[in-house]
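Those protein sequence lines, which keep their order, are chains L, Z, V, A, E and W. For the first sequence, position 12 matches number 12 in the UniProt record's numbering, and the numbering has no gaps at all. For the second sequence, position 1 matches number 1 in the UniProt record's numbering, and the numbering has no gaps at all. For the third sequence, position 40 matches number 40 in the UniProt record's numbering, and the numbering has no gaps at all. For the fourth sequence, position 11 matches number 11 in the UniProt record's numbering, and the numbering has no gaps at all. For the fifth sequence, position 25 matches number 25 in the UniProt record's numbering, and the numbering has no gaps at all. For the sixth sequence, position 31 matches number 31 in the UniProt record's numbering, and the numbering has no gaps at all.
Hints were generated in silico from the structure; no laboratory data involved. Note that the Cβ used here is the ideal one computed from N, Cα and C, for glycine as well. Incorrect hints may have been included.
[What the hints assert, rightly or not] To give a feel for the contact side, a few chain Z residues facing chain L, derived at Cβ under 8 Å:
1) Thr97
2) Leu99
3) Phe115
[What the hints assert, rightly or not] Computed Cβ-Cβ distance ranges for the label pairs, DEER-style:
4) L/Phe604 with A/Arg101: 46 to 54 Å
5) L/Arg781 with Z/Asp102: 37 to 45 Å
6) A/Phe85 with Z/Asp102: 44 to 52 Å
7) W/Gly55 with L/Gly266: 46 to 54 Å
8) E/Met114 with L/Arg679: 47 to 55 Å
9) L/Ala685 with W/Pro201: 33 to 41 Å
10) L/Asp706 with W/Trp408: 37 to 45 Å
11) W/Ala499 with L/Arg52: 54 to 62 Å
12) L/Arg671 with Z/Pro100: 23 to 31 Å
13) L/Arg773 with W/Val32: 33 to 41 Å
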Amino acid sequence: MSPALIALLPFAGALLPGLLIRSGRNVAAFACGTATALALIGLWVHIPAIMRGEVVTAGFDWLPQIGLNAQFRIDGLALLFGTLILGIGLLIILYARHYLSRTDPIGKFYTYLMLFQGAMTGIVLCDNILFLLIFWELTSLSSFLLIGYWRHLPEGRQGARMALTVTGAGGLAMIAGMLILGQIAGSYEISEILASRDVIQASPWYTTALVLILIGAFTKSAQFPFHFWLPHAMAAPTPVSAYLHSATMVKAGLFLMARLWPALSGTPEWFYIVSITGLITMLLGAFIAVFKDDLKGLLAFSTVSHLGLITMLLGFGTEAAAIAAVFHIINHATFKAALFMTAGIIDHEAGTRSIRLLGGLRKLMPITFVIGTIAALSMAGIPPLNGFLSKEMMLYEVDHLDAMRQTFMVLATLAALFSVCYSLRFIAHVFLGPQRDEYPHKPHDPGLGLWVAPGFLAVLVVLIGLFPNTTAGWLVDASATAVTGVAQESHIYLWHGVNAALIMSIIAIAGGAVLLGLHRPLLAAWDAAPRPEAKAMFDATILNFGRLCGWLTDRITNGSMGRALAALTVTVVFCGALAWSTGSAGPITRPMLPVEPVPLIAWFMLIVATGCMVTFHRRRLLALVLVGIVGLIVSVGFAYMSAPDLALTQISVEVVTIILLLLALNFLPKRTLFETTDRRRGTDAFIAALTGIGFGTLAYAMMRRDFGADPISGYMLENSYKQGGGTNVVNVILVDFRGYDTFGEITVLGIAALVIFALTETLLQGKSSRRLRNWVTEQRRAGDRHPLMLVVATRLVLPVALVVGIYIFLRGHNEPGGGFVAGLVVAIALLMQYMASGFAWTQRRQRLPYHALIGAGVVAAAVTGVGAWFNGRPFLTSDYGYFKLPLLEEFELATAMGFDLGVFLCVLGAVMLALNSLSRIARHAGQTVNVDPMDSDPKNRREAEV
Amino acid sequence: MELIAEILISIILVVAGIFGLVGSYGLVKLPDAMTRLHAPTKAATLGVGGVLIASLIWFLVLSEHHASWHELLITILIFLTAPITGLMIAKSNLHLTWLPEDLPQPPNGGQWATFDEGKIPPALQEEHDPESLRGD
Amino acid sequence: MISSALIFASLCFGVGQLLCLYRVVFAPGVADRVLALDTMTINMIALITLFGIFYDTAVYFEATLLFALVGFVSTVAYAKFILRGDIIE
Amino acid sequence: MLRRLFPHPLLSALLVLIWMLLVNRFAWGSLVFAVIIGITVPLLTAPYWPDRPRVSGLGRILSYIGMVIWDIVVANVQVARIVLFLPNKDLRPAFIVIPLRLKSPEAITVLAGTITLTPGTVSCDCSEDGHALLVHCLHAPDPDAVRDDIKARYEQRLVEIFE
Amino acid sequence: MEILVASAIGAMTAAGVYLILRIRTFAVVLGMTMLSYAINVFLFSTGRLVIGAAPILDNYAENPTYTDPLPQALVLTAIVISFGMTAVVVMMALGAFIEGGDDRIDMPDDDRIMPDLRTVEDEEARDSVAQPAKSQPVGNEVGS
Amino acid sequence: MNHWIIAPVLLPALMGALIILWMRHDLFLQRVFGLIATGLLLFVSIYLLWLASDGDVRVYRLGNWRAPFGIVLMLDRLAAIMLTLTSILALVVQLYAFGSGWDRKGWHFHALWQFQLMGIGGAFLTGDAFNLFVFFEVLLIASYGLMIHGGGPMRLRAGVQYIAYNLAGSTLFLGALGAIYAATGTLNMADLALRVAEMSPDDTALLRTGAVLLMLVFAVKAAIFPLHFWLPSTYANAPGPTAALFAIMSKVGVYAIIRFFTLVFPQDSVVETIATDLLLPAALFTLALGQIAVAGTRSLTRMAAYAAIASIGTLMISVARFSPEGLSAGLYYMIHSTLATGALFLVVDLIAARRGGDVWLRLRPAIKNTGIVSALFFTTAIAIAGLPPLSGFIGKLLILDATAEDPWMGWIWGTILITSLFAIVGFGRAGSMLFWKSHTLDPEPGNDTDEGPRPAPGPIPTKLDTDEQIQDVADSASPGLAFTSVFMLLGCLAMLTLAAGPVTQYLSDTTTQMLTPQLYIESVIEQQEGARP
């Protein structure tokens, strides 16, 4: 079977429980089991080839640009780990089916489990370190889900997050490490990396890469100082612990170290970092395990210890040590998984995992007792079980070290001693001793489904112990060959003769037994001793980290608009000044225009009005009047400086804006209070002054220099009449050269009106509507709303303004004006009517559908543009001609006029809809609607209402 | 002919300028809001009117462009609107600074419209009908 | 001759503008300011017209027309705001 | 029919005139267009001018306009003198009430407009029922004389025009 | 002349920036208006200043000069767009005022900081306590 | 000339206009036609993507004017990619808006939606600097409407800030354009490129200033530190679908930076590397700030908003050097982060809707559909945090790989990797609180519907003509459609992952095209057959 398929099968299996769970728990379990079994068989099919020393590879290019390829390989190491993962996985699936209760959503469990299994399989089978990283992180994620599976348990949630955080952090470090490694080696393919050991170890980046990769491996394999997450991950259901935290996930780090062993090992850095970390972990884990009352806690720390052991062996960097490491991986997986399952059975049946509450289960649960005892003895390293074999090998290697031999010997023996102690304690304090009366449940042996899996493993423990070479030797050889890169043939014997290792072992067993005897006083001392609690520290760190982040965020982004805009302004000024100063400004090329007295006066007025505006901005109506002055002068300035169109537009926009602001100001407070400190005002004034000076200087510098190249507008002046058919170049630009801009612009205006309308609709509902209805004006109001003379004058002004609007619209192409200004003029005229006779009265008489005007405007402009298509020309290509109708004078008809009509309609609709919406708010808050056009008609004649 | 027009224009312009200035000066000089209202609405109106007339003559007689009657239009517009602005500002003044007691009362009783506070006749009141005035 | 008259007139209106500005800035009431603003608009019309004569161009006609119209509307809007608060009711 | 086509004939005429002024050059085509506008625009705005004032006597209207223009010029000089040379302390501003004979809103508006346009007087307000105007005089040592003058000089003529 | 225009741009910019740094929406809207004046004049002046040469093609004049029409067209577009934007921001400021009861522009703390409540019931309790305060007329600013 | 090039602008514009012209009272019609328009847009975009894949730059001369004088549209690979991305996101999110009932909570949702698409499409296609401004404004103003859709005090306040800030940004945009026009006398991008290249080295200050200001404008849209302040409150308070669509909006800023600083101001022009010098540190800050806030904030929507900021930071880190590898990695990450951020906002909205609108990470009873929602959240969080197996991881790998030779490599890698951990911590905490811890409380009846109290059941009106009915219809959400749309986005991410090879190939071709400005200059300026003389 293709390696890719093997890796894919568990993922495919992950889909099954979700689909099949309605058919029952057994079906789901069976489906997963089948997928796993298939994958296992598929893996084993390759055994003969591997035994011949071949490496099976397959895969395809995924992202060849950076060398991320979906390459798989099966060699001895992959075979070993694959077998562990899939084999124990199969047992776990069986075990979990019986372990989980009816209320647990088992489908979800199997999905997670299969995801995890797939990720692990991927790690061990893949041949590309980037690809490996993907599976690596996937194991972190799926284990997060598995640990947090019992979501009602706080320990589960916290443990899951802790595991995710620690392994995730490690994973990130590893990403960096792997990328560096790949950069050094020039490839991300494992096979090529393994072949370029010399290049890698000679690189100045070697240490960095090594440390980063090791951080990844250590976090995953719970090495000191990252070991603390593993015990807390034990909150997961026991099948998870048995699977992830004994057999598979935690071994991923070991796998990686083994995988990269040929490329990375053998240097002093490797030796000191890896082996010392392993040693410390081994010792520390074993020591703490002695004092753990929780069965799973004990096993967890023992796992930490054993992982340390293997790490240490890998760190030695010798081939023999590597063999020992590989062998211990197998052994540890068998006995530790069996032990976890046993612990799970005890928990399941007795209702507790606390050693203090247990004891004397030997009679009640004989099968469990046998299984547990065998496994525990193996863990203690008692001959003839498999644990003994690998431990002997470890001690032998320690004895043959070149550096730090004594330290390692003493500490390794000590660790073995503790290991014996807690293993024996597991047997003695759980199964032996007097039977108790008050177990939480009534303990008895479980059904076959629960014990067959650990039982199988216990048998393996014994078999490997007795016949190591036949049962496991070939596997060890194959994987050791893969690890070291050199063909290995190991010979494992129970009896090596009396050597240092045996003596150390004997010391450890004897010492362990003695220690167990002294357990009670030791435990008391342990309980009394102050010791750092990893979880508390971690939680505090995370909590404080979160708080710090929150605080920092809150400091930076505190919702203050002033700060945001100040940051913007300062950035702009700073960057602008930087850019200006790093460039070179050319010489001044334009003479200054003379300053005439009247413009000087206008300038003076502008400056004064601007200054007053800042000074008096708290008196809002006054500020509006001052804005009006500034706008007036700006538009006159435009007129003075040869821009009549701009003057027209500016002044008409200005008045609409003022009306808009007045409508809004009706509700807003009429004055702004002093709320800011002097200091803030000072800072703001400083920023403002800086910006003003900067921008003014830029403008001045710009105006005194000519264009760097001829501006494109020369062409426009030349062709405006010839090809655009209009003498007002600005208008021709607007409706023809850059008609597309105008198309966007009228859309903006239309959208603005739609937004305003939509917002009004929202405001007129719900809470704000009630507020509005209860609204009391602050203002003293005059008596007449629609003064007679105003009404009458408007009757005359409105038609006149309409005529003016038509004129401006028609003349726009040749003289200042155009659809936009015309639209505004008509809108202003209509507004005048609204002001004079009131909203309701006016609205009743002229139900212009403003929405439709906007829509029609946009459509008209677009359709005019599209019309050019039928001429085979692009969008908005204009055409024009002169037509003569009888009686009428010759007149020009340009398609641009259709476009301008669109502009006109859109502007009219938009302005009216916007102001209309605003005044609807006021009406909502008001009381009455007028029926007559004016407040009082002297003729006292009231017309009938429509 | 052209000389006459030139002289005429110059005179009108000078006069208009003086009136314009006087109007604005009155705005500063006169003592209270109501009196200030007089100065600009008149003098400025005639000032601008003068300028417009001058411009009219200029374009009719002297300009290189064809004759233009535009200024007449603007004059009409200003003369049409000036009284209304004056009225509205006067009303604002009354509203802001005058009490009805300080004013002469209308002969037939009642009150000046500006002070007719809150006395909207019941006949003019009407219920809300929101959907009819949405404006779409 | 005409150009001297033009300069004289524009100076008159310019100084008038300054007086209006004085009234806008230092006024006892807001109605006065609106009045001054209205006067300013009117003066501006005069100035633009003078400018048109000076450069002998008719392109500013639309602008003056609009100034007249718009000045009126905005003054009415201000006044209505002072009187009623709600300018369209 | 004609009434419906021309809701406000004078307005139509005014608009034709305005259009011709705007176009700024006489052509028959422009006149046709002006007439079209003169018909359509008043039709469009007719709802806002529901009642039709009765106006009679073109000659009277023209003579009224001429008189007002003359008054404006004369009074401007007077006001200029007041503004320039009369010290503020000698100023005698006054409010005067003008009871109205006029009934039509248009007529009242024209009267008020005339009062405002002629210097020295500003019409400030209208009584709530529209039967009196409140006028402010810049300098009126004798308010009653001003009132009588207005009534005789302007209102009388307007009554003739409008009723 | 250039110096006048440039200093006017500078002054309007400074005023605009100062005003947009205020804490009430109205001042910010005014500031935006000032800024858009400033920027419109700036954009306009990129065509450099020319007096008496409006870009209306003139058949009568011999050898006419015209100013650069393109910036004018751009400014026209900009004016219209900033008008639309101003309209929306005014409306939205008004909406925020009506809904929220004050016209500050800064986000209230509730936006960032979790209210100290644990359950739905607490929240409902809070709502009912706060009810009278909410029905106050809009005209009265909260907290000023 | 291929008229389809303008379709991405015209189609939504016309549909938006038609919706307000004829269908403004009928929600059903709006939905149907809105969907049709967006679907067509997708087809057109895919066609354009295919069209662009031959490596030519296609030019559409509006008004048939010669190139620097009229406005042109430029269709290249980059524009086509961005268009396709936009239309995919828009279509899916639109479905979500139907499903969640958001489009019924106020007026004109569909019209604004179309106009928004018009603005985005126009911005991607245009080859004219000022026209870019116009379409920026179109998309911004439509986004204002979409942002405050549904109302509410906090949303409106945030909306005011959003507008105010972007108004300042638009002002700056005009200033920058003014400076550039004043220096070069042209607005067409290709012509600009030509003229910038020929610029005298003695007179560069104005042009440089213009270029930097322009960059700042785009940085405002992209929310790069220290111009990011507008984003958190805006995105956090925007309606779910709007926020999801906004995922592409901030990318418009990035797009514009890429466009201008590859085509107009390449690193060897007089503008030199000033953009890089400023952008890279800012991008690092942006990333750090975003991820710190993800770990620190206690509001779900703000978390999503900050995740969006962080993704922009990552993206800009990659883009800032304008190197071929960096750009192509950045483009990949841009596609990923757009879809992922969109999905995140949708999921957050799903959760918030099921928690009665409560977005705070605090104890609440378990929500309805917790299983499926939690799965979606988990997957989306993986995507956004850049964990495998989704495309975020590949994107990050690409970026790390692209920056391996960079002098700042240590800073870049350190920031990206360390801050990823922050995201993991933040999302882990959020998920645990939302989906695990919540089970300690009993589920509460009546808390499972959309925002606000549930009105009485009744027939679903599709007409929107009185004030009251809008309230009624807000109830009738169809969660199936909502879930489907999130699934679709995640599916896109999965496809992006699987097809990483071909996609990256296309992107690196794109980058090659972008880094060859001569291609654009030639297509726009030199080949002008058929245009007016």
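Hint check results:
1. For Z/Thr97, the suggested interface contact is broken, since its CB lies about 12 Å from the closest CB of chain L, more than 8 Å.
2. Residue-level restraint check for Z/Leu99 is violated (minimum Cβ-Cβ distance to chain L is 12 Å; threshold 8 Å).
3. Of the supplied interface hints, the one on Z/Phe115 holds, with its beta-carbon coming within about 6 Å of a beta-carbon of chain L, less than 8 Å.
4. Hint check: L/Phe604 to A/Arg101, Cβ distance near 51 Å, so the stated range 46 to 54 Å holds.
5. For L/Arg781 and Z/Asp102, the hinted distance range of 37 to 45 Å is not satisfied, since their beta carbons lie about 19 Å from each other.
6. At about 28 Å, the beta-carbon gap between A/Phe85 and Z/Asp102 misses the expected band of 44 to 52 Å.
7. Take W/Gly55 and L/Gly266: their Cβ atoms lie about 50 Å apart, and the range 46 to 54 Å holds.
8. The hinted range of 47 to 55 Å is not satisfied by E/Met114 and L/Arg679, whose Cβ atoms lie roughly 31 Å apart.
9. Distance hint check for L/Ala685 and W/Pro201: the Cβ-Cβ separation is about 38 Å, which falls inside the suggested range of 33 to 41 Å.
10. The given range of 37 to 45 Å is respected by L/Asp706 and W/Trp408, whose C-beta atoms sit roughly 40 Å from each other.
11. Remark: the range hint 54 to 62 Å for W/Ala499 to L/Arg52 is contradicted by a beta-carbon distance near 37 Å.
12. The hinted range of 23 to 31 Å is satisfied by L/Arg671 and Z/Pro100, whose Cβ atoms lie roughly 27 Å apart.
13. Remark: the range hint 33 to 41 Å for L/Arg773 to W/Val32 is upheld by a beta-carbon distance near 37 Å.
Consistency note: the structure conflicts with the earlier hints numbered 1, 2, 5, 6, 8, 11.
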